Amino acid sequence: MSPVFGHGSLRLYLLKLLDEAPRHGYDLIRLLEDRFMGTYAPSAGTIYPRLARLETEGLITHSVEDGKKIYRLTDRGRAELRERAEELADLEADISRSVHDRADEVREQVRGSLRDVREELKHAARDIRRQQRHENRQRKLGIKDELREAKQELKEARQELKQELKGPWQEVASDWEGEHREAHGTTSRYGRLEQALEEFRHRVQAVAGERVLTEEELRGCLAALDDAYDRVAAILWRPAT
Amino acid sequence: MASWTIKEPTTLTFDMVKKLRIKTMSGTVDVVGTDTRPTLEVTSLSGKDLEVRLDDDGYLDIGYLNRPLRWTDPIGWIAGRGGRTSVNLSVAVPPDCDIDLDVVSVTSVVSGIDGRVRVNGVAGDVTLARLADVEAGTISGSIEAERIGGTFAAKTVSGNITAAGLSGRAAIAETVSGAVALDVELPLPTMHLTTVSGDATVRVPHKCDLDVRLTTTSGQVASSFAEIRSSAQPGSRSADGTIGAGGPRLRAHTVSGHVTLLRRDEDDDGPGEAGGHDAERRDGPVGASGDEETQ
Numbered sequence: 171m172s173p174v175f176g177h178g179s180l181r182l183y184l185l186k187l188l189d190e191a192p193r194h195g196y197d198l199i200r201l202l203e204d205r206f207m208g209t210y211a212p213s214a215g216t217i218y219p220r221l222a223r224l225e226t227e228g229l230i231t232h233s234v235e236d237g238k239k240i241y242r243l244t245d246r247g248r249a250e251l252r253e254r255a256e257e258l259a260d261l262e263a264d265i266s267r268s269v270h271d272r273a274d275e276v277r278e279q280v281r282g283s284l285r286d287v288r289e290e291l292k293h294a295a296r297d298i299r300r301q302q303r304h305e306n307r308q309r310k311l312g313i314k315d316e317l318r319e320a321k322q323e324l325k326e327a328r329q330e331l332k333q334e335l336k337g338p339w340q341e342v343a344s345d346w347e348g349e350h351r352e353a354h355g356t357t358s359r360y361g362r363l364e365q366a367l368e369e370f371r372h373r374v375q376a377v378a379g380e381r382v383l384t385e386e387e388l389r390g391c392l393a394a395l396d397d398a399y400d401r402v403a404a405i406l407w408r409p410a411t
Numbered sequence: 107m108a109s110w111t112i113k114e115p116t117t118l119t120f121d122m123v124k125k126l127r128i129k130t131m132s133g134t135v136d137v138v139g140t141d142t143r144p145t146l147e148v149t150s151l152s153g154k155d156l157e158v159r160l161d162d163d164g165y166l167d168i169g170y171l172n173r174p175l176r177w178t179d180p181i182g183w184i185a186g187r188g189g190r191t192s193v194n195l196s197v198a199v200p201p202d203c204d205i206d207l208d209v210v211s212v213t214s215v216v217s218g219i220d221g222r223v224r225v226n227g228v229a230g231d232v233t234l235a236r237l238a239d240v241e242a243g244t245i246s247g248s249i250e251a252e253r254i255g256g257t258f259a260a261k262t263v264s265g266n267i268t269a270a271g272l273s274g275r276a277a278i279a280e281t282v283s284g285a286v287a288l289d290v291e292l293p294l295p296t297m298h299l300t301t302v303s304g305d306a307t308v309r310v311p312h313k314c315d316l317d318v319r320l321t322t323t324s325g326q327v328a329s330s331f332a333e334i335r336s337s338a339q340p341g342s343r344s345a346d347g348t349i350g351a352g353g354p355r356l357r358a359h360t361v362s363g364h365v366t367l368l369r370r371d372e373d374d375d376g377p378g379e380a381g382g383h384d385a386e387r388r389d390g391p392v393g394a395s396g397d398e399e400t401q
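The listed protein sequences correspond, in order, to chains A and B. If you count the first sequence from 1, position 103 lands on 273 in our numbering, and the numbers rise without skipping. If you count the second sequence from 1, position 262 lands on 368 in our numbering, and the numbers rise without skipping.
Next comes chain B alone, as it looks inside the complex (with noise of 0.2 Å):
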């Protein structure tokens, strides 16, 4: 096993990463899967020294590792408790990597890793691109993620979710008074997007085959396909449907928050997405009913 104390801004490079673990207070991280030599680049540097430790089967922790985070007390770190402990990192690693992030007032960013991603913060931003399997959690911090191709589950308390590019095997999102927006490729096996008071907002493809559900206590459902029939009962509102075959399955749930389910343009489909059979079976009803919005 080796170990380093880091005092000032310096960079470090390592034989072989299979795991990172980072632990640090406040400043920035930055994660990048690349083929080239694992690197450790701390760029700045203030209050206690950094610590970096790699063991022999390639597990490398860098942070304050002496004193590990009390994540009982975050605010006592963000209200300055924690000293005035700051640091900018920025690691490269094999792609195959597992990275674990916990950090407090960070603003991070993982790009590139194939290996499962988890980034537990409070205050920072987090974003996220061009990775598998990723489980993204803050209270404040916004999350951002662009081209996540496994399960994708954000958790947050005021911090907005969004997310792009999604082509994986679930999503789901979760935040208290966050919005949520999801744009997603082609419609993943399972979709929950649960809110209190923020907006749920989803876009999927305009031809599709999906499940849906979407509920809503005091907000307002709405939905742009037609074969979504929304319904409401005192205390609660909701649209439900399936979409061409159907599988895919969508539920959103707020409280006070307004749910969407929007479809994009005929024109920004990517080709290939869905057959031309496909097509022309789900065209008719839709132009349909389009006329009858019309009347």
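The shape of chain A in the complex, shown without the other chains (with noise of 0.2 Å):
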């Protein structure tokens, strides 16, 4: 926006001002504020020392009123305003223009803070959801890790039991073992036994074979076959049959 007053433009405006009704210098300052809708704020520092000099060429004058000093203008500052009317016109063409400049000014302002204020809720409002979410998560995973180590200790209690139980098994295992090996030694001793018989069979039948027998030598074979029966029987305590 350029600037509100061109040069001699805001002397001009203060006589007008004036001319409207006296006024002090505060006054003056909040109305041109007013006027230009805050998009021009003078400083004190601007506006006295005009009104001094507005004061010295005789345009307007002071009078003090409660410790104030009241401005109003002179009979040379309404010629002087008389003069000046079409570039006042001018001017308060150009104050009404920034109308439209304050409200464009307005419009991106607010646009602007509004559209940080969206996003912040924006972000914040996903912040808040997605926090919320892990914690219903967090409490559903709650229930899981408890289910879970329900399992893992059941496990490890019957993984004692069974450590426990290890002793006493693994002695009555090793008596079972030794039972066991004995009853296994008796039937080797048996086995040894046969072995001899049949090893005997086969002496006999290759002394036997080679030859044709005689009811003589038969005879005497099946004897001391009957008689060795008779021996290893007596040894077995078995009855003969």
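Calculated directly from the structure, the hints in this document are not laboratory data. A portion of the hints provided could be inaccurate.
As the list claims (entries may be wrong) - Simulated restraints on C-beta separations:
(1) B:Ser283 / A:His293: 13 to 23 Å
(2) A:Glu253 / B:Val263: 54 to 64 Å
(3) B:Arg335 / A:Leu324: 30 to 40 Å
(4) B:Pro115 / A:Glu253: 21 to 31 Å
(5) B:Leu292 / A:Lys292: 16 to 26 Å
(6) B:Ala108 / A:Gly237: 44 to 54 Å
(7) B:Asp155 / A:Gly237: 49 to 59 Å
(8) A:Lys292 / B:Lys124: 37 to 47 Å
(9) A:Ser233 / B:Asp155: 43 to 53 Å
Said to hold, decoys possible - List of simulated lysine-lysine pairs, BS3-like, C-alpha gap at most 25 Å:
(10) B:Lys261 / B:Lys125
(11) B:Lys261 / A:Lys292
(12) A:Lys238 / A:Lys186
(13) A:Lys292 / B:Lys313
(14) B:Lys154 / B:Lys125
(15) A:Lys314 / A:Lys325
These numbers come from a predicted model, not from an experiment. The C-beta atom is built at its ideal place from N, Cα and C for all residues, glycine as well.
Join the two chains, each given in its own frame, into one complex according to the hints.
Put into structure tokens, the structure is as follows:
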């Protein structure tokens, strides 16, 4: 936005304001601010020197009321205002043009700040929703975790029980093993006997197989076998059949 | 009664305006409250001539008055059946003026008015600043408001509604698919937010008294206040509770949009909004529940 007042315009506008009514310095500042809708806020430092100059030029004069200087337009001041009526009209047109500028400024300002607010709220809301979802999930996970822990405890208890039972069972097992070995030993001696019998048969066959047996020889052999059987049976405590 | 027919960009000034009514189809409308003489400034104009009428009671009418806008066919104007009629105008009126805008695809600004403001638009965005009571409605245009000291009522179909610095009696925001975001300085006695698919978000001061009820059909409800308890049944989720001493009522409902109640950071609360006594009373449970959350 271009500066509201060109050179000499502020001076003219001050005259115009004092033409409307006598005013003190602060009033003039406030009025200027209002008329430019806040876009132009003259400071006391710019107004008072100008008022002083206007006074030395004889365009305005002042009186003191309640300790405040009240400025009013002189006839010379009014004459100057009349001479510059056209200039004043242009100036007022300039000021009214700033309505549009002012509105644009308001629009930009409101849009900018509300865009920020909207973004801020959007992000904050998203964070909160995310946090809440996370908490819910944690709660559900908590239940799952408890379940998993219970399973683990059960498993451990089972293993402990196994360990505890392992000692006695091993003793039992070794007892059984010994008995089994003993039993196995018995069988093996019987085997040797069987083996010996088999060998005996082979040896007899080997001697007998090469010749034709006579009745006498056969009878003698059978008697010897019967005799051997009786002696073996006598050792094994088996009654003869 | 005085009347003007405006054919080209121009500036008019008036002695007294108490009520302003503007009806335009496209372009921009600015209304600014000011102590200067009431002024109408037309910066650009195309299509039909703009008519201006000021009656003896200070009732200023600006627009296409001989052919009133037919609200039954807004799409017709947007599609161009209304011709290439477009105007950019700015009006300065006294702050106590009542404002009534009936516009179609017009971007509008209303600022610095203490009287009642009503904006009825279709496609243009509406910007509202430093107003008292305001009622604004659009179809697809967004509504943005800052520093509303009275009742703020906004209604859109697809436009977003955003407001900050609300400090009046009530805030009512309704939309179908737009999002609603409200940032309130002090809880208003009545705050109603309604959307169908848009999200509804409200931010309130860190320390405040509020009676809250947030509901949604299929969205998510969330709040940064530990006092607010949420519950869910099939087909509806809600969160309600009382913050501080209760009193001001916040009601928000959506169908599928999310509903969120946010709490401003403690440092961002303006001075003097809550007394030290109140602050102590409320800090206790808040701190305790904060610990719970971190566990």
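Do the hints match the structure? See the list:
no. : hint                            : in the structure
1   : B:Ser283 / A:His293: 13 to 23 Å : holds, 21 Å
2   : A:Glu253 / B:Val263: 54 to 64 Å : holds, 58 Å
3   : B:Arg335 / A:Leu324: 30 to 40 Å : holds, 37 Å
4   : B:Pro115 / A:Glu253: 21 to 31 Å : holds, 29 Å
5   : B:Leu292 / A:Lys292: 16 to 26 Å : holds, 23 Å
6   : B:Ala108 / A:Gly237: 44 to 54 Å : holds, 45 Å
7   : B:Asp155 / A:Gly237: 49 to 59 Å : holds, 56 Å
8   : A:Lys292 / B:Lys124: 37 to 47 Å : holds, 41 Å
9   : A:Ser233 / B:Asp155: 43 to 53 Å : holds, 52 Å
10  : B:Lys261 / B:Lys125             : holds, 23 Å
11  : B:Lys261 / A:Lys292             : holds, 20 Å
12  : A:Lys238 / A:Lys186             : holds, 21 Å
13  : A:Lys292 / B:Lys313             : holds, 21 Å
14  : B:Lys154 / B:Lys125             : holds, 24 Å
15  : A:Lys314 / A:Lys325             : holds, 17 Å
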